[in-house]
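Chemist: Order-wise, the sequence lines are chains A, B, C, D and E. First residue of the first sequence: 1, per this note's numbering; consecutive thereafter. First residue of the second sequence: 1001, per this note's numbering; consecutive thereafter. First residue of the third sequence: 2001, per this note's numbering; consecutive thereafter. First residue of the fourth sequence: 3001, per this note's numbering; consecutive thereafter. First residue of the fifth sequence: 4001, per this note's numbering; consecutive thereafter.
Do not take every clue at face value.
[Said to hold, decoys possible] Derived CB-CB ranges, DEER-like:
no.	chain 1	residue 1	chain 2	residue 2	range
1	C	2053	D	3023	40 to 50 Å
2	D	3014	C	2038	28 to 38 Å
3	A	66	B	1133	54 to 64 Å
Note that these hints are calculated values from the structure, not bench results. For each residue, glycine too, the CB sits at the ideal point set by N, CA and C.
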Amino acid sequence: MDGKPLLEAAGLVKSFGETRVLRGVDLAVPAGTVSVLIGPSGSGKTTVLRCLNALERPEAGLVRIGDVSVDFAALPQQGRRAALRAETRLRAQSGMVFQAHHLFPHRSALENLLEGPVVVQGRPREEARAEALVLLERVGLKGREDSLPSQLSGGQQQRVGIARALAIRPQVVLFDEPTSALDPELVGEVLAVMRDLAEGGTTMVVVTHEIRFAQQVADQVLFLDGGVVVERGPAAQVIADPREERTRRFLRRLLDPL
Amino acid sequence: MDGKPLLEAAGLVKSFGETRVLRGVDLAVPAGTVSVLIGPSGSGKTTVLRCLNALERPEAGLVRIGDVSVDFAALPQQGRRAALRAETRLRAQSGMVFQAHHLFPHRSALENLLEGPVVVQGRPREEARAEALVLLERVGLKGREDSLPSQLSGGQQQRVGIARALAIRPQVVLFDEPTSALDPELVGEVLAVMRDLAEGGTTMVVVTHEIRFAQQVADQVLFLDGGVVVERGPAAQVIADPREERTRRFLRRLLDPL
Amino acid sequence: MDWELLRTSAWPLLQGLVLGTIPLTALSFVLGLAIAVVVALMRLSPVKLVSGLGRVYVSAIRGTPLLVQLFIVFYALPSLGVTIDPWPSAIIAFSLNVGGYAAEVVRSAVLSVPRGQWEAAATVGMGYGTTLRRVVMPQAARLAVPPLSNTLISLVKDTSLASTVLVTEMFRVAQQIAAPTYQFFTLYGLAAVYYWVVCVVLSAVQDRLEGRLNRYVTA
Amino acid sequence: MDWELLRTSAWPLLQGLVLGTIPLTALSFVLGLAIAVVVALMRLSPVKLVSGLGRVYVSAIRGTPLLVQLFIVFYALPSLGVTIDPWPSAIIAFSLNVGGYAAEVVRSAVLSVPRGQWEAAATVGMGYGTTLRRVVMPQAARLAVPPLSNTLISLVKDTSLASTVLVTEMFRVAQQIAAPTYQFFTLYGLAAVYYWVVCVVLSAVQDRLEGRLNRYVTA
Amino acid sequence: DGIVGGSSSAAPSGSASGTGGVLRVASEGTYSPFTYHDQKDGGKLTGYDVDVITAVGQKMGMQVEFTDVTWDAIFAGLEAGRYDVIANQVTVNPERQALYDFSTPYTTSTGAIITRADDTSITSLQSLAGKTTAQSSTSNWAQVASGAGAEVEAVEGFTQAVTLLKQGRVDATVNDDLAALDYLKTTGDTSVKIAAKTDDTSEQAFALGKGSELTPKVDEALAELEADGTLAQISQKYFGEDVSR
Ligand SMILES: Nc1ncnc2c1ncn2[C@@H]1O[C@H](COP(=O)(O)OP(=O)(O)OP(=O)(O)O)[C@@H](O)[C@H]1O
Ligand SMILES: Nc1ncnc2c1ncn2[C@@H]1O[C@H](COP(=O)(O)OP(=O)(O)OP(=O)(O)O)[C@@H](O)[C@H]1O
Ligand SMILES: [Mg+2]
Ligand SMILES: [Mg+2]
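Only chain A is shown next, with the shape it has when bound in the complex (with noise of 0.2 Å):
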């Protein structure tokens, strides 16, 4: 390493319509660490998430993961191809893995993961297919790589979307509350899938309500405010003992719902 982070945004500003949604939010996440995003509903995390896979376009900031940037304010005036190219470049660098899993449903879980590496990044289907099937015994589907989505149960899909997002090798990989949409029981499976992953060295941004994983699992956490970072720092540091009245705030309410 070269004491540079391995994913790094900087002044991201976005919005929709008339409501703008981040108002300048800079990140820092250096190679081989997990970032923890919490926040209410609402305060943009998932957009944080989208724009540093460019599904999102933001007005201004900027983007680097690894050796690939790119300044969002400047490419409106490269042109649409131009533009086009530089986001699906800066999107290979990054794996995604969605709330709602959003996996292919008529593809089986192996075929989900060759996707990316055979149809789009053109790798010999054999050697591709021979690590998809590593990465699913990875997670914990070995045996399952020919089961339709609509055969597996949520955490097992869920634990597909992991597998896919690694599939692309990706430098990062991007979590949207892995786990909120599954059974309570199920969730386990998938917080443990992520914690070997984070102890195998995968640099990963998660956005998740599941404080306990944060505290035993996350290099730093971000308390996500109003479109704003209101708060950073180690774990311990911002869930057991937050500066702010407003991380405060939301986590009694989290901890708490009654």
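We have chain A already, so just place chains B, C, D and E with the ligands on it with the hints.
Modeler: Just chains B, C, D and E with the ligands, lined up with the frame of chain A:
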């Protein structure tokens, strides 16, 4: 009260194809009390609720709510029409709140509440409307009566669902994981409404994974596993000090997923 | 292009459109939709006999040309002692025809409404009919509108076959005017323009309806 | 019913079916589907000009009778110096026609595929075309099959209009045999039976396809 | 007869032919100059066949009521008892005689071979051998042309045949000389011509249901019309010559 519980189920047996999902479930819910059903995924919790509501027809067993009772084993001999009539009559005794709310998407919040009383029960529109407005206020949705479901947040949708279940003036309200599809932050508002109902004397049967809710609100907790009630008793006992190893294991996994 | 002929033909064709084509289309489509709903529900029935009958109906209607269906209603039924006047014959044949095609559209749209909606309706006490009418059909409508609008717009033009059963609509008028002058091309072109105007109006209605029905769809 | 006539007509009509109706239908439908996909995507384009062009196309095709479209391709284009042979003319007119109707079906089916699928495809690196081909279309197919099968089955019978541009298909053969004896009814009935058989086969294919495409649908 | 709802046979009363003094007649209404709607006269049904059958009706003391029917349905309607007689230049041939009653013929026509005006290669029926003609498949001229060795393209009607001829897609079309003359007269088209007439003549008559009790009465009326010169007079009006014999 005449000492008899308001809702009673006895010997519910239900199979889907080859697999027997309920293997003789008994249940007694006194008027004005809250019973919470917990148990692992696939243990049959949803199926129990659906049998109480006659959405599912068990092969054997008896369900009684107030003075309406149905002997499911005897239904097939009564002929199709009589059986349907009996089921419809039983169904009218309870309201149901689904995990995925299932609001009618093309009707406003208020209209969702009026379908039962006005369209089905034929009560005067003005009277039903007045009552529905009270219900919406009770679940904290005053002023949102003309919103379509798609214009409401998940928590608000779920609260409309509760109000809709109440609008048919049921004797019992059945809840199937009413908060598990919600953002963690929105869970609180729904649980609060449910607690208020309980305190107001509504008889409720609730399937949930919200252990703290069960502790605070339930008069009775039942732990279901493999289609039988493994353990039942006051919340304090079943949750804090379960007798059965299976219950203990389940609760441990739920409280600490990692 | 014979402008004088066009000018003098404009009015009779418009009469044919307004007094023939449009009422024929409107009546047949409304009745056809009703038939379609019934047949779609039959095809969805768990009772094998009922769904089988629905299937036979759809197969018979889609499987044979509309022209033959018109022939049967008007020319073959009399030999069985049933003689029906031209207009009723045309409307019967067209509605039966629309019924067969639209049934498939309705069936697929009804299937697309989630089961949860049926169950929610049951829990507020609705029976099968009420659920269909108040819950399922309004939601199925959204998906059904574009293909049904295809069916309707086809029907507008298929009514030209009504002349086989002695009903005079716009296309027949065009043929009648063209015959003594041999200007078929001009008259058919004029008819096409009228049809096109009707279609534009119907498409606009379709767009508005789609917009309206999309309003309450979540994401 | 003239049984002898039926017997001697069976073979020529079958020839007309196999050499005329079926290849005409198959070719036109395949080309028409391709046009439909392009037009549907145009109508979905955010670029106003492109979506406007798509709209005009659909409106022109659905708005005018197929007969007029055939006339234009075959009888009017020559006056602009473009003379096209009967078979190509028929196939051009039919595919353009199918394209207009099927475009609406495809558009509505594409819209029914959740946005999440587009985004998931983007995150694994797919561009617009690849996403359509590998992710969206296979899912849209499920909803599109019943209405498209209506379009196809209509087309089978609409090919009888090909005779206006000198293509001889089954219905024309039936007319030719009927003419000297005026036994139109008998011959049309025989044609109807052939059409019906084709439709039964196509419906069976539709059912299997629907079953196949429903396989991976959750709940 | 109004333009819309062109059928005036509002009372299809089964097979009680001709009772109540009404003679129900079917014709295409799109076959000029035999049966067509005259736009200069408010779209009234008129033509040679229409006039003849009207005169026949008068002689029979019956009121004539017309119905517009498409050609391929016209005989189905006769069989279904929707009307009593077809007045539409029906050519008499043995196959048809087996199925229907025919009156005595009221038109005799010959075939005309129509070619492009500048085409000199076709001078007789025989020279059609190897050429392509466009024929309405429902007419017997198709058989005449193919009998002469021509390849026949089937079209819907005369106009279409002439269009193909002018576009050079076919070499000729064979049709009734009367229809051909009417076309040339009406349109003033000089790009086509009548290149030759065929030798064989054909006879057109009214068609009635098999065994109809009206047939002899129609024949009787026709005989009277011929005798008193009415038939020839009607023929003169439309063709400038007597085509009735
Ligand atoms: N496509 C969009 N169009 C309009 N507004 C949007 C869009 N996407 C998000 N928003 C708005 O932007 C704000 C931030 O949304 P975002 O989804 O990023 O929040 P979040 O922190 O992820 O919330 P949650 O916890 O509910 O997922 C919200 O107010 C939301 O309504
Ligand atoms: N309609 C059905 N057809 C077939 N099997 C079914 C059906 N409904 C439920 N089951 C099966 O019955 C068993 C019990 O299901 P049920 O939904 O009652 O469990 P649950 O306790 O509610 O689980 P969860 O916590 O996941 O909601 C499961 O194994 C399920 O797969
Ligand atoms: Mg979010
Ligand atoms: Mg359940």
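Chemist: All the hints need checking, so say for each whether the structure fits it.
Modeler: The hints, checked one at a time:
One distance hint, 40 to 50 Å for the beta-carbon pair residue 2053 of chain C and residue 3023 of chain D, is violated here, with the actual separation near 34 Å. Distance hint for residue 3014 of chain D and residue 2038 of chain C: a CB-CB separation of about 35 Å, consistent with the stated range 28 to 38 Å. Between residue 66 of chain A and residue 1133 of chain B the beta carbon distance is about 58 Å. The supplied range of 54 to 64 Å therefore holds.
Checked against the numbered hints listed earlier, the structure breaks hint 1 alone; every other hint is satisfied.
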